[in-house]
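Asker: Let's have the full structure, built from the sequences with the hints guiding it.
Chains as they are written, first to last, in the working numbering: chain A, 341 to 546; chain B, 12 to 229.
Keep in mind that the hints are not guaranteed to be accurate.
Here chain A is said to cover these stretches of chain B; the calculated rule only asks that three of the stretch's residues, wherever they fall, bring their Cβ under 8 Å from a Cβ of chain A [said to hold, decoys possible]:
| hint | region |
| --- | --- |
| 1 | 17–25 |
| 2 | 76–89 |
| 3 | 93–105 |
These aren't lab readings, by the way, just hints derived from the structure by calculation. These numbers come from a predicted model, not from an experiment. Glycine is no exception: its CB is placed at the ideal position from the N, C-alpha and C atoms.
Next come the chains, spelled out residue by residue.
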Amino acid sequence: MSLRVENLACARGPAQILAGVTFAVAPGEALILRGANGAGKTTLLRTLAGLTPPLAGTITAAPDAIAYAAHADGLKAQLSVAENLAFWAGAFGQGDIGPAVEAFHLGPLLDRRAGEMSAGQKRRLSLARLLVTGRPIWCLDEPTVSLDAENVARFAAAVTAHLAAGGSAVIATHIDLGLPAAQTFDITPFVAKRIRADDPFAEAMG
Amino acid sequence: MIALLKRDLMLALRAGGGFGLSLAFFLIFATLVPFGVGPQTGVLATIAPGILWLGALLACLLSLDRIFQLDWEDGTLDLIATSPVPLEGLAAIKALAHWLTTGLPLVVAAPVLGVLLNLPGAAYPWLVASLLLGTPALSAIGTFGAALTVGIKRGGLLLSLLVLPLYMPTLIFGALCVVRGAAGQEALTPLLLVAGITLGSLAILPFAAAAALRVNLR
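Answerer: Shown next as structure tokens:
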């Protein structure tokens, strides 16, 4: 399942952030996004996920192929780990949460409410969600935040297994995950910040 | 989508989910009225239909800002938007969950409060029927308002200002139906108008809410 991006221009609110972004990710391959804080990694990932329409350019991927994981964990504090995962499995039309639980070692926490877990444990649950989406292209925004070394390794193993199964991933991260078949993509040359000319608020924003 | 409905109902019933909040507000509101206007049964019987409808409407309003705001704050809304669930379906399910946890308990509680307000006996079937047919419209309109204001910090007040005028037709015909029922007059016409408003809201507003969500998620 390949992802091709051609000449993509992305915006966040009234401002254009990136322009001319072009890359391709083949099945079994990972793309590591690099760029300074505020360069536009999140904006690019949100555009890939379909949350923000691109200003220009094309994103070519199979429909419903992309699974997105944001900074926010997207967990319900009142629900248990199992209930949170079961909800996402249901929303994505998948049945089994077993492999996801195993990959991130959530077994001992299954009945714990998400609100009572540590930040790292929440992150593991949030990443386990990717496995129950059943989608081939993962777009991940700083997935290793608040994970300890052991769980970063678990995450890297999960991504490696996903790639080996023919999936692909676009990952914004500052650390080295040690993934095989990973190409690094620096977005710095594509940063093109300006107020959108077509934006009705452009004048007011100066 | 069924998973979504199940999750919303589960969240509403868990501690801090807000289930019962609207119902408690409705009970207190209707109980306070006799203290405010005095215990004369004649006066109470005259104003009971309006008070009960107004109370149900305000109780509905109370829980509207939770519909999308909580999911938006913890990032769930972004993730649902990238899931196979269409945003139109999400809006419809959210309205349904809101009605099941807010509207339906109000419909059940209203006849009890009718007794408290000395509502004439002939009006009870019309009260229940008009609330049963009218509260889904309140939930659908409220979901649309919540979608418009999602992402605005403390948007609850703005939400009330947006939604209350849109509630007016439902309130007018809903209360009129009960008033006419209480007076022994023909009450089917306003009831049908309430049903019409509900059907129209249910048909159109999930699409409008989805469009508003798309803009707000950018």
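Asker: Counting residues of the region 76–89 of chain B whose CB is closer than 8 Å to a CB in chain A, do you get three or more?
Answerer: holds (count 4)
Asker: Do three or more residues of the region 93–105 of chain B come closer than 8 Å to chain A, measuring C-beta to C-beta?
Answerer: holds (count 4)
Asker: Count the residues of the region 17–25 of chain B with a beta-carbon closer than 8 Å to any beta-carbon of chain A: does the count reach three?
Answerer: With 5 residues in contact (Cβ-Cβ under 8 Å with chain A), the coverage given for the region 17–25 of chain B holds.
Checked against the numbered hints given earlier, the structure satisfies every one of them.
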